[in-house]
Amino acid sequence: MSWETVIGLEIHVQLATKTKIFSGASTAFGAAPNTQACAIDLAMPGTLPVLNKKAVDMAILFGLAIDAEINLVSAFDRKNYFYPDLPKGYQTTQLDKPIVGPGTVEITLADGSHKNIRIHHAHLEEDAGKSLHEDFDGMSGIDLNRAGTPLIEIVTEPDISNAEEALAFAKKLHGLVTSIGICDGKMSQGSLRFDVNVSVRRPDEPLGTRTETKNLNSFRFMEKAIAKEVARQIDVLEDGGTIRQETRLYDGDTDSARSMRSKEEANDYRYFPCPDLLPVVIEQNHIEALRASLPELPEARKKRYMADYSLSDYDAGILSDDASMAHYFEASAEVADDAKLAANWIMGELSAQLNSSETDINDSPVSAEQLGGLIVRIKDGSISNKMARTVFEALWNNPADKSSADDIIEQLGLKQVSDSGAIETLVDEVIANSAQQVANYAKADASKRPKMLGYFVGQIMKASKGQANPQQVNEVLLKKLDALI
Amino acid sequence: MTIERADIEKLAKLAQIGITEENIVATTNSINSVLTLVDQLQAADTTAVEPMANPLDATQRLRADTVSEANCRENFQNIAPAVADGLYLVPRVIE
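As you go down the protein sequences, you meet chains A and B in turn.
Residue numbering for the first sequence follows this note's numbering, starting at 36 and increasing by one per position.
Residue numbering for the second sequence follows this note's numbering, starting at 8 and increasing by one per position.
Check the hints yourself; a few may be wrong.
[Unchecked claim] Covered, in the sense of this in silico footprint (three residues per stretch, anywhere, with C-beta under 8 angstroms from a C-beta of chain A), are these stretches of chain B: (1) 18-24; (2) 65-71; (3) 88-98.
It is worth saying that the hints were derived from the structure and are not from the lab.
By construction, the Cβ of each residue, glycine as well, lies at the ideal position given by its N, Cα and C atoms.
Given these sequences and hints, build the entire structure.
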């Protein structure tokens, strides 16, 4: 008998504000420890929080992008727990009155089908600092630069049925928050973090006991953590065991997971309304102004790509989901003046390199302009596809070098020979030097001949040092051989 | 609800407060009188009353998203018990 998997996600999205949610300290990434932690972030006595308008607006923009209700009155609560990277002893968050109410996100699966994932709500809260456990001889080091960074936590309904759907949802959400400009989307810097709630059950039975795996900061780790946890739960249940409700930690480097705490040890957060912050009241006309400012959403972008560039549903989806990807595609397609070729190169060679080196498209060593320039030379026949891959590799391996594709073609002497006179000479030479092969070709059955062409083409390409236009070589060769028979 | 001398002794220990022998009876009595007051408050019928998180008839003011805080790490770390490499040091915590 089969098992059904039920998954719900909680996603922490760092908002791309310049300052903290409750203080005027900078949120810039990578500053020296504690240089961006002010008296408010450090919970010094006598300080009071003042809410950042931009953080509120960004939360509203998210709500509008997923067609959610925006709550005109929302409020902050204190979630109490003790940990040294939380100096106040509580996290300021929203429990009963979140700013964003229920909404939906539609995902597209590999087979082309669509599914709606319901969003339960999204709320504003602050991030905690960072603890460093190494190097301090029995002590932990605390960096509070991140403390007070604004987050929205997005909570889904348990509508996700497997790792593939979870991944599609996560990527869709990533594309959404980067497209509307509320998050930089840099997973490696923790800008988007996923908590995964997983349970399994037999079809038509009530929900099973769930576990929560926290703080997954890459798509790949999330996918693997889910697969691992589903397999573990099924193993336990099939061996007659029971699932404990617990929080688990997944280590991506070793692909292993362990229990962090069980329900019995779970914190009682003693939530209560934050007396330092008054209710947040939003005017309807402010919401309408924000709605009018919403940029093009990935879904609309996808439709535009299909209509304007005749891309397939699948291709358009991949290129439009992520704002950076979309920007790269549009820039390279413009330089290349060929959307289809640009799409193929981005989804083929470029994506393969980005994936294998785990590089974000924003940090691609090959710029959209460079790729566009390369495609121009493929289109006008200056270089073959094979040469183009060599040029691409050269561009990829020298990120500091701002050479254009043309510069590289020049440097490597890769100019493709498309001059028909030159090609005819090459073909004539090879035919003259291959009397035996020509005789064989003439004797052979017509159906066998195409295969025999390989020898001649190989010799010609070798003679041209790989620079003859293969398509032209084929045409000329066939013409000349047929004339000899 | 009333509490006994033993409860006070336990609470004092948990809160790490020293209560002397001569004060313990007085402390027990005063805490019991507060609890009596709470009992009185709890007798009020609040079924139709919306919980009030804040007594002020005002809404939250918002600030512009501009950096207004300078780096004052040195001042803050002067009063910290232990620091190293710009980090605040605390007894080791590992989850």
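(message) When the structure is checked against the list of hints, which entries are broken? Sort them ascending.
(response) 1
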